Amino acid sequence: MSNPTYENVHNLFKLNGFHLDREDLCRVAYSFIKEGEDFEKPVGNFLLDWFDGKSYIQMETSGTTGAPKTISVSKQAMVDSALATGDFFELQPGNKALQCLPVKYVAGKMMLVRAMILGLDLEFVAPSSNPLANNEIDYDFVAMVPLQAQNSIPQLKRVKKLIIGGAAVNKILEKQLLKLPTIVYETYGMTETITHIAARKLGEKAFTVLPNVTVSFDERNCLVIHAPTISPEVIITNDIVELVNENQFIFLGRFDNVINSGGIKLIPEQIEKKLISKISQRFFIASKPDNELGEKVVLVIEGEKCELDNSIYETLDKYEKPKEIIFVPKFKDSVTGKILRKETLN
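The sequence shown begins at 1 in the numbering used here and counts up one residue at a time.
Just so you know, the hints here were simulated from the structure itself, not pulled from any lab data. Just so we're clear, the structure is a prediction, and the values are computed from it rather than from any experiment. Where is the CB? At the ideal position from N, CA and C, for every residue including glycine. Be a bit skeptical, because a hint or two may be false.
Stated by the list, open to error - Below 30 angstroms or equal to it, Euclidean Cα-Cα: the simulated DSS-like pairs (lysine-lysine) are:
| no. | residue 1 | residue 2 |
| --- | --- | --- |
| 1 | Lys321 | Lys342 |
| 2 | Lys205 | Lys96 |
| 3 | Lys265 | Lys332 |
| 4 | Lys205 | Lys179 |
| 5 | Lys332 | Lys41 |
| 6 | Lys179 | Lys265 |
| 7 | Lys205 | Lys41 |
| 8 | Lys14 | Lys157 |
| 9 | Lys34 | Lys179 |
| 10 | Lys330 | Lys278 |
| 11 | Lys332 | Lys171 |
| 12 | Lys175 | Lys274 |
| 13 | Lys323 | Lys296 |
| 14 | Lys288 | Lys265 |
| 15 | Lys171 | Lys296 |
| 16 | Lys338 | Lys41 |
| 17 | Lys175 | Lys160 |
| 18 | Lys342 | Lys305 |
| 19 | Lys160 | Lys205 |
| 20 | Lys175 | Lys161 |
| 21 | Lys342 | Lys273 |
| 22 | Lys265 | Lys305 |
Said to hold, decoys possible - FRET-style restraints, in silico, Cβ to Cβ:
| no. | residue 1 | residue 2 | range |
| --- | --- | --- | --- |
| 23 | Glu219 | Arg22 | 43 to 51 angstroms |
| 24 | Ile71 | Lys318 | 16 to 24 angstroms |
| 25 | Gly36 | Ile71 | 23 to 31 angstroms |
| 26 | Glu302 | Glu23 | 44 to 52 angstroms |
Can you make the complete structure from the sequences, with help from the hints?
Dropping the structure here:
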């Protein structure tokens, strides 16, 4: 059987209970744009772009790693990404899926593409912080950001497989999710890789790559992604990893966040892992210029100023201990719920 292309719609594909082919989807797109609700308009625009005869689509990056920019993405690469996701998560035609992410960004667009290509029965709702609150449906496959997963814990038993992306799953959320019957994965990817290229089953340490992807690392120990069906160029990231093999890696932190304190290189994300169960508010580790050390470690906490007990640092090495605590009333977040560290600190 020849591989599906972006011109095909799987004959088992359904959107909100209706079997729709290419012509139907174009009609739906026009009605979404003309009289749809706010969250439906981007879906209409995306569907018209998808069926416009061009081989690529313009996409906006989320701006987590820099200023948001528009990039051109091959539609066939998006199809190949959808097929790899289907293989990796063992999705079958007719599986019930929920689309609750904004279609403005790549993760939301890709849920639609997966449904059309793999023949999923897609339920499509307004993006909200608790997308399962208003229905009683059982789902085979759902994608969420961590905040949605956190708020949906009471309802998640109705979901067979959940993928969480957009921001890291912290240890506290992971513990709560591991108690559920749901199989949950944290995904790894970015707009340039057309959503995820790897996933980590909660409870495991390493991310495993999807089909047709291999990984290596550069002289900074940052992840290098080889995914020829998705990107003709090798993708060099700023993510520091420990490589298990060419198909598995452990994420350690962002190269841009590394702190050089008195000649010792510290990865904030690794310090945060040690503190996550000790501090109830949202927080992150950052640095400030220091005459003696070059950079000093600081702890940034969201909320009102309060006294912290020194015992919270007992698991930290002496170099990792914050030299100062900064309280910020409200953190700045990206659209996917990642804390924007530099903007918050500024």
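* CA of Lys342 to CA of Lys273, is that 30 angstroms or under? -> Judged against 30 angstroms, a Cα distance of about 19 angstroms means the pair holds.
* **Pair hint outcome, Lys338 versus Lys41 [Cα-Cα no greater than 30 angstroms]** => With a Cα-Cα distance of about 25 angstroms, the restraint between Lys338 and Lys41 holds, given a limit of 30 angstroms.
* Asked: Ile71 and Lys318, beta-carbon distance inside 16 to 24 angstroms?
  -> violated, 44 angstroms
* CA of Lys175 to CA of Lys274, is that 30 angstroms or under? -> holds, 15 angstroms
* **Straight-line alpha-carbon gap Lys171 to Lys296, limit 30 angstroms** => holds, 26 angstroms
* Compare the distance between the alpha carbons of Lys323 and Lys296 with 30 angstroms, and conclude whether the hinted pair is satisfied. => holds, 6 angstroms
* Could you grab the alpha-carbon distance between Lys14 and Lys157 and see if it respects the 30 angstroms cut-off? => holds, 23 angstroms
* Taking 30 angstroms as the top limit, are the C-alpha atoms of Lys265 and Lys332 close enough? -> holds, 26 angstroms
* Asked: Holds or violated: Lys288 with Lys265, Cα cutoff 30 angstroms?
  -> Measuring from Cα to Cα gives roughly 14 angstroms; hence the hint holds.
* To do: With a cut-off of 30 angstroms on the C-alpha distance, tell me whether Lys179 and Lys265 pass.
  => violated, 36 angstroms
* Asked: Does the Cβ distance between Glu219 and Arg22 fall inside 43 to 51 angstroms?
  -> Holds, since Glu219 and Arg22 (Cβ atoms, about 48 angstroms apart) stay within the stated range.
* With a cut-off of 30 angstroms on the C-alpha distance, tell me whether Lys332 and Lys41 pass. => At roughly 27 angstroms apart (the allowed maximum being 30 angstroms), Lys41 and Lys332 satisfy the hint.
This entry does not satisfy hints 6, 7, 9 and 24, going by the numbered hints stated previously.
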